[in-house]
Amino acid sequence: MGRLHAEEMVLNMGPQHPSTHGVLRLKLTTDGEIVSHIEPVIGYLHRSFEKHAENLEYQMVTPFTGRCDYLAAMGSEHGYAMAVEKMLGIELPERVEYLRVIFAELQRIASHLVAVGTFGLDVGAITPFIYCFRERELILDLFEMASGARLLYNYIWIGGLAHDVPPGFVEKTYEFLDAFDERVTEYNQILTGNKIFIERAADIGVMTPEVAINYGVTGPSLRASGVNLDIRKTQPYSIYDRFDFDVPLGEGIQGTVGDSWDRYYVRVLEMKESAKIVRQALDQLPVEGDVKSAIPRRIRPPKGEVYFRSENPRGELGYYVVSNGKNVPLRVKMRSPAFSNLSVINEIGQGFMISDVIAILGSLDIVLGEIDR
Amino acid sequence: MIEFVEEETQNPTVVIDASAMASVCTYLKEAEVLQFDSLMNLAGHDPDGESDLSIIYHLHSTVLDHYITLKTFTPRENGVVESVANIYRTADWHERETYDLFGVKFNGHPDLKRILLEEDWEGHPMKKDYTPAEFYRGMRIEKVK
Numbered sequence: 051m052g053r054l055h056a057e058e059m060v061l062n063m064g065p066q067h068p069s070t071h072g073v074l075r076l077k078l079t080t081d082g083e084i085v086s087h088i089e090p091v092i093g094y095l096h097r098s099f100e101k102h103a104e105n106l107e108y109q110m111v112t113p114f115t116g117r118c119d120y121l122a123a124m125g126s127e128h129g130y131a132m133a134v135e136k137m138l139g140i141e142l143p144e145r146v147e148y149l150r151v152i153f154a155e156l157q158r159i160a161s162h163l164v165a166v167g168t169f170g171l172d173v174g175a176i177t178p179f180i181y182c183f184r185e186r187e188l189i190l191d192l193f194e195m196a197s198g199a200r201l202l203y204n205y206i207w208i209g210g211l212a213h214d215v216p217p218g219f220v221e222k223t224y225e226f227l228d229a230f231d232e233r234v235t236e237y238n239q240i241l242t243g244n245k246i247f248i249e250r251a252a253d254i255g256v257m258t259p260e261v262a263i264n265y266g267v268t269g270p271s272l273r274a275s276g277v278n279l280d281i282r283k284t285q286p287y288s289i290y291d292r293f294d295f296d297v298p299l300g301e302g303i304q305g306t307v308g309d310s311w312d313r314y315y316v317r318v319l320e321m322k323e324s325a326k327i328v329r330q331a332l333d334q335l336p337v338e339g340d341v342k343s344a345i346p347r348r349i350r351p352p353k354g355e356v357y358f359r360s361e362n363p364r365g366e367l368g369y370y371v372v373s374n375g376k377n378v379p380l381r382v383k384m385r386s387p388a389f390s391n392l393s394v395i396n397e398i399g400q401g402f403m404i405s406d407v408i409a410i411l412g413s414l415d416i417v418l419g420e421i422d423r
Numbered sequence: 019m020i021e022f023v024e025e026e027t028q029n030p031t032v033v034i035d036a037s038a039m040a041s042v043c044t045y046l047k048e049a050e051v052l053q054f055d056s057l058m059n060l061a062g063h064d065p066d067g068e069s070d071l072s073i074i075y076h077l078h079s080t081v082l083d084h085y086i087t088l089k090t091f092t093p094r095e096n097g098v099v100e101s102v103a104n105i106y107r108t109a110d111w112h113e114r115e116t117y118d119l120f121g122v123k124f125n126g127h128p129d130l131k132r133i134l135l136e137e138d139w140e141g142h143p144m145k146k147d148y149t150p151a152e153f154y155r156g157m158r159i160e161k162v163k
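Sequence lines, in order, name chains G and B.
Throughout, our numbering is defined as the position within the first sequence, counted from one, plus 50.
Throughout, our numbering is defined as the position within the second sequence, counted from one, plus 18.
Read the hints as simulated data drawn from the structure, not as lab findings.
The structure presented is a predicted model; accordingly, all values stated were derived computationally and were not measured.
Quick reminder that beta carbons are idealized off the backbone N, C-alpha and C, glycines included.
Distance condition first, Cα-Cα at most 27 Å in a straight line; then the derived DSS-like pairs of lysine-lysine:
| no. | chain 1 | residue 1 | chain 2 | residue 2 |
| --- | --- | --- | --- | --- |
| 1 | G | Lys-326 | G | Lys-222 |
| 2 | G | Lys-101 | B | Lys-146 |
| 3 | G | Lys-101 | B | Lys-123 |
| 4 | G | Lys-376 | B | Lys-146 |
| 5 | G | Lys-376 | B | Lys-89 |
| 6 | B | Lys-161 | G | Lys-101 |
| 7 | G | Lys-136 | G | Lys-353 |
| 8 | B | Lys-145 | G | Lys-353 |
| 9 | B | Lys-146 | G | Lys-136 |
| 10 | G | Lys-136 | B | Lys-89 |
| 11 | G | Lys-101 | B | Lys-131 |
| 12 | G | Lys-376 | G | Lys-342 |
| 13 | B | Lys-145 | G | Lys-376 |
| 14 | G | Lys-222 | G | Lys-342 |
| 15 | G | Lys-101 | B | Lys-89 |
| 16 | G | Lys-77 | B | Lys-123 |
| 17 | G | Lys-101 | G | Lys-376 |
| 18 | G | Lys-322 | G | Lys-222 |
| 19 | G | Lys-77 | B | Lys-131 |
| 20 | B | Lys-47 | G | Lys-283 |
| 21 | B | Lys-89 | G | Lys-353 |
| 22 | B | Lys-131 | B | Lys-89 |
| 23 | G | Lys-376 | B | Lys-161 |
| 24 | B | Lys-145 | G | Lys-101 |
| 25 | G | Lys-353 | B | Lys-146 |
| 26 | G | Lys-376 | G | Lys-353 |
Sample of chain G residues lacking proximity to chain B, with all beta carbon distances greater than 12 Å (derived):
| no. | residue |
| --- | --- |
| 27 | Pro-68 |
| 28 | Arg-117 |
| 29 | Glu-141 |
| 30 | Glu-147 |
| 31 | Ile-180 |
| 32 | Arg-292 |
| 33 | Glu-301 |
One chain only, chain G, in its complex shape (with noise of 0.2 Å):
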């Protein structure tokens, strides 16, 4: 007797779903609980943002970045900044670049509290997702002090910053940090040894080197295989050579080394990193400088084309700028780390259960914006 096959059912999870993160459709071909192939569709959310900055002067397309990762518009304004610098070929002053990387670490701390907290929601622990938006929301007021805005900022322009920071915001950093470090041992209390949470989230969609790689998977969810890839390290960008810091890196403490278990908890050691990077910027941070003083007139850059790639909350974040000596952009392609790191989820999601892939899912932190563009 052959063994009895069932019949394939496809099941369409999304584009309305709470578990992803947007609006993203997954296609599951399932036999019976087990799934058998995962077709990501997205688009969803696509607002041509490439077609938009080839009509705009170059400045005025800092705010359209923000927009595309909105959980870490920071990252996506400081690599587009950096991108349009290169070919521009401007020195910053050492204050404006101490605090960019202020923002940035601090951007990396509450994009990855989202991604910790909704991970925890997506398999049943709402607990942790409260404790992370009390954080975030710390760090969302020390944004709002600087630049006015809470989510979409438009602070770090070509040059420069949109304006200093008021009195008072180092001090509050310094708050923020001092009770940071504490808060996450909270989170290891209440989910990082949960029981419940290691079982769900264990040797589920193991991620070998040789895939992510292959598949373009860059960020924590690479770093969680046990690829030591971090831009800030292997190709350090703005001052990031003059800060002491670790590369957390999975070790498959629970179970696999590259499962959904050590991307979350790759994070959970990387906001600690990025809170030392934070603090060591604060002590070394310059009094004097004047933060707009190299915001250029006139943005032409001469004509050639650049790649810029920095190290965002979700992975390799790049900017492929082409300018022919104008005031406008001829192509600016943004690389979404996001893209490439959803696009591996039917291989290393095939064969587990319904559930586990919106485990998966969950642990490889996409945000549909910047996927759509």
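For this one, chain G is given, so just place chain B on it according to the hints.
What follows is chain B alone, placed relative to chain G:
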């Protein structure tokens, strides 16, 4: 088939014939001294709305830590480039995006279809000479200046 161009980017740039793309990438990935195992970015580019479209590949070797940029040119209409999706899996979606927005076909791609736009969308919007249709499924498309 292969030609070195003057350095106007930060990485060495090589122009490659569209039909040789797959074999060149296979070599770059497998040769012991090169080991370009990571395709960082694949972008289409329309320089002016008249001349050929270009496709740009940014490669990185995570083992040996070096970079190279590949470029290929293809006609504006019905251009065909050899797909590298079976060499770099990340190219799968990037090539679909380039096909979607520029209309360049990738020969040998496992599942070449639109990715960001709807299946029945007319035209390829990132081409500089693109003009949107008046209607999409009976809905008026707003004119953007």
